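**Student:** Sequence:
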Amino acid sequence: QLQQQQSSVKLERDVMVPPAWLTSMAVTSYHLEYCLSFMFVKLVAPITYGTCDAIRRLSIIITGRCMFGGDPFSILNISGIGLALLGALAYSISSSQ
1 QLQQQQSSVK
11 LERDVMVPPA
21 WLTSMAVTSY
31 HLEYCLSFMF
41 VKLVAPITYG
51 TCDAIRRLSI
61 IITGRCMFGG
71 DPFSILNISG
81 IGLALLGALA
91 YSISSSQ
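Residues in the sequence shown are numbered consecutively from 1, following the numbering used here.
Since the hints were derived computationally from the structure, they do not count as laboratory data.
Fair warning: this is a prediction, and the values are worked out from it, not measured in the lab.
Keep in mind that the hints are not guaranteed to be accurate.
Simulated restraints on C-beta separations [to be verified]:
1. 55 x 32: 16 to 26 Å
2. 34 x 85: 18 to 28 Å
3. 95 x 20: 12 to 22 Å
4. 38 x 88: 17 to 27 Å
5. 19 x 89: 33 to 43 Å
6. 28 x 67: 11 to 21 Å
7. 96 x 24: 35 to 45 Å
8. 50 x 17: 12 to 22 Å
9. 68 x 93: 31 to 41 Å
Note that CB positions come from ideal geometry on N, CA and C, so glycine has one too.
Full structure from sequences and hints, please.
**Tutor:** Listed below in structure tokens is the structure:
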């Protein structure tokens with residue numbers, strides 16, 4: 001049991017914590033994005049905001065995958081990303097006419 005307690009303490013010490021400056025930058029950028037999204041929603045129609053938000057989320061997913069690696073996208077992931085981008089393109093084309 002003592003050995004089990006020592007291993008759990010060892011695991012807790014091995015947890016990597018990001019530096020404080022990185023955490024504060026992440027919090028600041030998220031807050032700025034949140035404030036800007038409320039300003040943006042006043043300027044456009046709700047459906048336009050939803051479309052832009054979907055494209056923003058897709059770009060975060062794709063960029064995060066490129067920057068941090070991880071498992072490769074599956075066929076279902078790629079199909080979903082393509083379908084979302086196709087929907088955004090269709091909305092853009094139909095709303096411009």
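**Student:** Next, verify each hint and record whether it holds.
**Tutor:** Hints versus structure:
In this structure the supplied range 16 to 26 Å holds for residue 55 paired with residue 32, their Cβ-Cβ distance being about 19 Å. The hint said 18 to 28 Å for the Cβ distance between residue 34 and residue 85, and at roughly 24 Å that hint holds. The hint said 12 to 22 Å for the Cβ distance between residue 95 and residue 20, and at roughly 44 Å that hint is violated. At roughly 21 Å, the beta carbons of residue 38 and residue 88 sit within the given window of 17 to 27 Å.
The beta-carbon spacing between residue 19 and residue 89, approximately 40 Å, falls within the hinted interval of 33 to 43 Å. At roughly 19 Å, the beta-carbon separation of residue 28 and residue 67 lies within the given 11 to 21 Å, and the hint holds. Judged by the Cβ atoms, the range 35 to 45 Å given for residue 96 and residue 24 holds: they are separated by roughly 41 Å. Look at residue 50 against residue 17: about 36 Å separates their beta carbons, and that is not inside 12 to 22 Å.
A hinted range of 31 to 41 Å holds for the C-beta pair residue 68 and residue 93, which are about 33 Å apart.
In the structure shown, a violation is registered for the earlier hints numbered 3 and 8, in ascending order.
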